[in-house]
Amino acid sequence: MTKRTVLITGATSGIGEATSRLLARNDFRLILCGRRQDRLSKLADELQTQTEVTTLSFDVRELPAVKRAIRSLPAEWQQIDILINNAGNAHGLSPIQTGDTEDWDAMLDINVKGLLYVSREILPGMVQRNAGHIINLGSIAGKEVYPNGNVYCASKFAVDAISNSMRIDLNAHSIKVTAVHPGMVETEFALVRFKGDAAKAANVYNGVMPLRGEDIADLILFALTRPPHVVVADLIVFPTAQASATVVNRKS
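In this note's numbering, the protein residues as written are 5 to 256.
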């Protein structure tokens with residue numbers, strides 16, 4: 005059976021890295037994408053013992069870079085069967101009236117425009133073949149707002165809306181669209197949100213056993229391995245200690 009080719013954005017850490025490792029063990033070919041070439045190279049070297057791997061280093065926020073990178077793929081890598089739009093970040097945690105506009109731009113550019121730019125470059129090939137699978141990484145913040153989450157929540161609500169719209173627009177072409185909306189996952193997320201403040205980042209998970217990147221990777225693999233007539237359309241996943249965006253059972 006021919007291996008399917010998967011392009012994963014944000015592949016060098018967290019959910020993206022965990023998904024790359026799991027798919028490598030399960031007979032997928034990997035196009036690993038990220039901004040940090042050193043991390044991409046290290047991960048690719050490791051996973052090449054299990055499957056075919058290539059890398060693309062670019063920033064999803066920059067449309068010319070997205071086009072240049074994806075169009076540079078050799079012919080044997082140009083048929084992309086699966087796109088995992090994983091790249092995304094949270095920047096800051098402030099009331100709307102004191103929010104940092106640079107943080108707003110970063111979240112909207114990465115979480116929304118970046119997803120659109122990469123999808124726009126890859127979808128025509130899937131449409132031509134009448135086959136493909138898109139997996140968009142959302143968040144519980146795309147289902148519920150929470151204090152000081154304003155623009156981050158807005159960006160993830162957009163991911164939810166885009167995913168639902170994609171599913172409708174691509175229905176005639178037999179392209180599956182899956183949206184995964186995790187609650188608390190312990191990755192670099194909190195460290196980025198708090199601009200490198202390790203103490204604040206650690207506090208997010210105090211008294212809680214959060215999800216791990218590997219837990220989300222398991223769900224992605226499940227969605228990718230359903231029969232052709234089955235699509236996992238929309239999936240919310242929490243750690244057991246979490247009941248909503250704001251309700252968390254923290255044990256001291």
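Simulated from the structure, these hints should not be mistaken for lab results.
Because the structure is a prediction, the values reported are computed rather than measured.
Just so you know, even glycine gets a beta-carbon here, dropped at the ideal spot from N, CA and C.
Check the hints yourself; a few may be wrong.
Each computed BS3-like pair below joins lysine-lysine, with the alpha-carbon atoms no more than 25 Å apart [as the list claims (entries may be wrong)]:
(1) 46 / 7
(2) 147 / 71
(3) 7 / 117
(4) 147 / 117
(5) 117 / 71
Label pairs and their calculated CB-CB ranges [unchecked claim]:
(6) 207 / 66: 21 to 27 Å
(7) 76 / 29: 26 to 32 Å
(8) 206 / 6: 41 to 47 Å
(9) 253 / 99: 23 to 29 Å
(10) 6 / 250: 44 to 50 Å
(11) 101 / 135: 43 to 49 Å
(12) 29 / 129: 40 to 46 Å
Verification of the supplied hints:
no. : hint                  : in the structure
1   : 46 / 7                : holds, 23 Å
2   : 147 / 71              : violated, 31 Å
3   : 7 / 117               : violated, 30 Å
4   : 147 / 117             : holds, 19 Å
5   : 117 / 71              : holds, 13 Å
6   : 207 / 66: 21 to 27 Å  : violated, 33 Å
7   : 76 / 29: 26 to 32 Å   : holds, 27 Å
8   : 206 / 6: 41 to 47 Å   : holds, 44 Å
9   : 253 / 99: 23 to 29 Å  : holds, 26 Å
10  : 6 / 250: 44 to 50 Å   : holds, 46 Å
11  : 101 / 135: 43 to 49 Å : holds, 48 Å
12  : 29 / 129: 40 to 46 Å  : violated, 26 Å
Taken one by one, the earlier hints fail for this structure at numbers 2, 3, 6 and 12, listed in ascending order.
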